[in-house]
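Novice: Chains as they are written, first to last, in this note's numbering: chain A, 1 to 378; chain B, 1001 to 1469.
A hint or two may mislead.
[What the hints assert, rightly or not] Coverage of chain B stretches by chain A, computed from C-beta distances (three or more under 8 Å per stretch; other residues unrestricted):
#	region
1	1135-1141
2	1359-1367
3	1377-1384
4	1425-1439
Derived from the structure by calculation, the hints contain no laboratory data. This one's a predicted model, so the numbers in the text were calculated from it and none came from an experiment. Even glycine gets a Cβ: it sits at the ideal position worked out from N, Cα and C.
Now for the letters of each chain:
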Amino acid sequence: MAGNGSGKAPVFVVVQLTGGNDFMNTIIPYTSSVYHDNRPLVGIPQDQVIPIDDTLGFHPQMGAFKDLYDRGMVGIVQGIGYPNSNRSHFRGMDIWHTCEPHEVSTIGWLGRTLRELDPAGENPLTGVNFGVGLPRAMAMPGVPVTSVSNLDNYGLMTGIQSRERDQALDIFKQMYGPAIGAGPVMEYLSRTGQDVLSGADLIKVAPERYQSTVEYADNPIAKSLRDVARVHTADLGTRVFYTSHGGYDTHANEVPTHPKLIGDLSGAIYDFFADLEEHDADDNVVMLVFTEFGRRIYDNGSGTDHGSGGGAFVIGKTVAGGLYSEYPSLEPTRWVNGEDLEHTIDYRGIYGTILEQWLGVEAAPIVNGHYEQIHPFE
Amino acid sequence: MSDNHLALISHLMRRAGFGAGRDELEELSSKSYEDVVEDLLHPERQEDLQEDALKRYNLELSYHDAVQLWAGRWVWRMVNSRRPLEEKMALFWHHVFATAWYKSEHSPTIIRQIEMFREVGMSDLRTILTELARDPAMNYWLDNCENHADQPNENWGRELLELFSMGVGNYTEDDIKNAARAFTGWTFTQPIPLYPFGHYTSEFHYLPEDHDDSEKTFLGHTGNLNGEDIVDIVAHQEASYRFISRHLYNFFVADEPQVPAWNIEPPNDPDAIDALVQAFAENDGQLRPVLRTLFNSDFFRQARYRKVKNPAELVAGTIKLVGTYDWLPAPGQSVGALSGATSIMGQTLMNPPTVEGWHTGHEWIDGGTLNERVNFAVNQFNDLSSPGVRAIVERLARDGALSPDQLVERCLDLVGPLEVGDQTRSALSSYADSVGDVDLSTDQARTDNAGKVARMLQMIVASREYQFA
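Start from the sequences and build out the full structure, keeping to the hints where you can.
Specialist: Structure below.
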């Protein structure tokens, strides 16, 4: 049964690593000669890895993450993926977003989840995305989702100053009043306009109320997670947060690029949970960090190309930390297409784990089937 | 009636182009509607844009790998071209033959494909589909380079029939297989890899030794068919005329359901589709007579504000109203800002989400994109010194002082004329009442009161009605 024992509604934070994070350089099989032989350029020397056990270790930039791991808050889901991985970013991300591996759908798994969490669509902040454009994962007709690109300046008419803006918003509200009889599209526009207004109105208290001693770093993922923290700690009823961290498509220049990304991510997640702890708001939050695919086993002399069999993280105070599923076999006979890691657990099982064991929502209708789950909340 | 004539020309320019400022509309209104249509159908009557100066101020345009900037340059062309239908048809075919940069990450071929749509977009279906079949960007996008005599790949063959010409339900799986075999050996010259000088371009290349020369049967035709034969057959099918007609209706006239529903749901206006199909049939698949039929029809003339603007239309149309990016971006402006704006509204040009293209109509709009659409349009009117705002103020100044009702009416007129419902009108009136009479009779009065006019324009472009073309 779902629950966190705190009496608060469970909250779910999704962090999408866009571009295909190099899992083998995140959780590193540092004692494997296959790893070192195939990655003469991007491979991390054994003595720099932060060991987890005798075979696996964190990337050297992930010290902060290791700290959370040592506190038992990080479940590492090894070898997450899906059958017949398609190396297209878009199709890959689409498959993760919609749980429809065979056809193109515009309805996302979190859109379906939000409908279960708030069936009447009463709170436009039940689902909040930070970033430009709504991820397809959150999309579903009739499900209001608030999408924020800049929390401090979010909302309509932000280019108009002070009291004049209030008047402009008032006129907007009148213009977007119920459009009964004006046709379904005009009615849809009205409802959407009103949702944007009320969502912005509700969310603006978040930056006003927020105070913290945690100082986040100055990078995009830290900024986004600080925004999540500001809205979560304002207690506005948000159940699902979504944000993305881009730049992981490291075909080229992986050596300078990837450590910076993974270091920023690690620090931002550490600060985020420290911030929630300071606000006594960490016991009902679980975070999923995922990416659309892992990368090729061997490097290409500059970076790594698209592959399969990646990794995900389930993080939170209520999570039983440790390694879940199995690290994909490094044995060359087991490589997919002779060059990729084979996935060992289906991503839909991880969604199902969170839906049923954390949010208390039946998984099968949302992920389109029954998949093996893990048990990180015991 | 002359006002109605101008309103009709304005409608035509929003649909067949990306809108027009009032000066341009007045100039066009001296001609008959049918003559304006004829000019649109003959872009060669107008000079093409000179881009030398643009490139001088946007140095990145000398470098083909800056694809977002090239998308911005396209929006800049939409704003400034004297051949608006040429750009609109390029956008139309980009919607239908959706090819994205993200798979190849090869910008020169993607940019070249759009140029090709501009060049042949108003010719005939056979020419257009032939150029498409030979297009390196499309060839790679749908894996025809992996379509070999001994190992056919059906991707291109299937989509040619399903998405680019006839539509589901008009051919068999065997037709797909045989179409694919006919296109074996159709590939492209290998571009030199990205590093260190950027991507080289790529050309169509036919490999006779990789072509399957055995007999094939396609839609009742049997022989050693090659790709040209398939295109020739497809380009003369009534199903193709019907399918492309429905696309044209959806793009130019009124929003239809999304393409996958077309073999289930009938068109909104079956008679209109029949008229376009007939024009195709009578003219051997030529586009120009079909577009002439469409723009001159009653169903088109009566479809004012019945379509949700796509982001390119919203951005280019709003920029045309305020007159910035006129010929040259101002110092400090990059045409990349134009493509950035369409992107955050959900339309990254040259990078559609899938081969199905964008979902159009009301699907352009969700909470996030509505927020972006409204803020973008409103922010364009923040600068009182922009040419479009100044021109509107000067026009209004001819009336001396404006009562609140006049302010609403005149501004709605100059933005479209835009037709609005009672709710919008009364909301705008409440703003106008709050500022009272607006005096624009002297320089000082204009300086003092231009802001009130601009605010009225901002409220108008924030409205629901402004989301429609």
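Novice: Next, verify each hint and record whether it holds.
Specialist: We went through each hint and held it up to the structure:
no. : hint      : result
1   : 1135-1141 : violated (count 0)
2   : 1359-1367 : holds (count 7)
3   : 1377-1384 : holds (count 3)
4   : 1425-1439 : holds (count 6)
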